[in-house]
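Q: Sequence:
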Amino acid sequence: MESSLAREEIFEIEQNELAGKYLTFSLNGEEYGIGILQVREIIGVMPVTSVPRTPSFVKGVINLRGKVIPIVDLRLKFGLPEADCTDRTSVVVVDAYSRVGRVQIGIVVDHVSEVVNVTGDQIEAPPEFGASVDTGYILGMAKTERDVKILLDMDRVLSVEQMVVLDQA
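Residue numbers (this note's numbering): 103 to 271.
Derived from the structure by calculation, the hints contain no laboratory data.
Backbone N, C-alpha and C fix where the C-beta goes; we use that ideal spot for every residue, glycine too.
Relax, there's no trap hidden among the hints.
The calculated label-pair distances, taken between Cβ atoms and stated as ranges, are:
id, residue 1, residue 2, range
1, G203, E247, 33 to 41 Å
2, E184, E226, 26 to 34 Å
3, N219, S128, 14 to 22 Å
4, L139, T188, 26 to 34 Å
All chains should be modelled from the sequences, with the hints used to inform the complete structure.
A: Okay, here's the thing in structure tokens:
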């Protein structure tokens with residue numbers, strides 16, 4: 103009980119730090135958000151060059167104005183079923199930081215929704231599902247008028263080892 107109380111107290115302090123603008127997008131009918139400051143640009147799906155011996159969620163790389171950008175299918179990374187691309191499928195190019203440094207990654211999403219302003223009092227701590235479920239990549243749950251959006255920490259969506267693989271791609 104003490105650890106969950108301490109977690110709640112710590113999260114109350116972080117709520118105001120998490121407040122801000124988030125780019126929201128859909129994956130498999132669920133809404134997610136990424137801090138707008140991590141978003142570099144949003145592009146349409148383009149041809150991807152596959153890279154051998156990468157995890158299945160790494161679709162490959164693209165050449166974006168002379169810069170090679172690894173492409174990650176967020177559906178596959180999250181264990182969701184793969185989906186065909188539609189005219190609404192987008193690639194969100196984000197900056198992710200880890201011990202290996204800054205990496206630009208393109209994440210494939212079903213469709214981009216909107217930019218929303220989330221206040222600290224709209225954000226709750228991620229639910230605890232037990233030790234076997236890793237929710238460390240979730241910043242919080244944003245309660246809006248219509249639904250709940252899962253706020254992602256793009257620096258933690260991929261593990262350090264996965265970031266190294268993307269950096270080498």
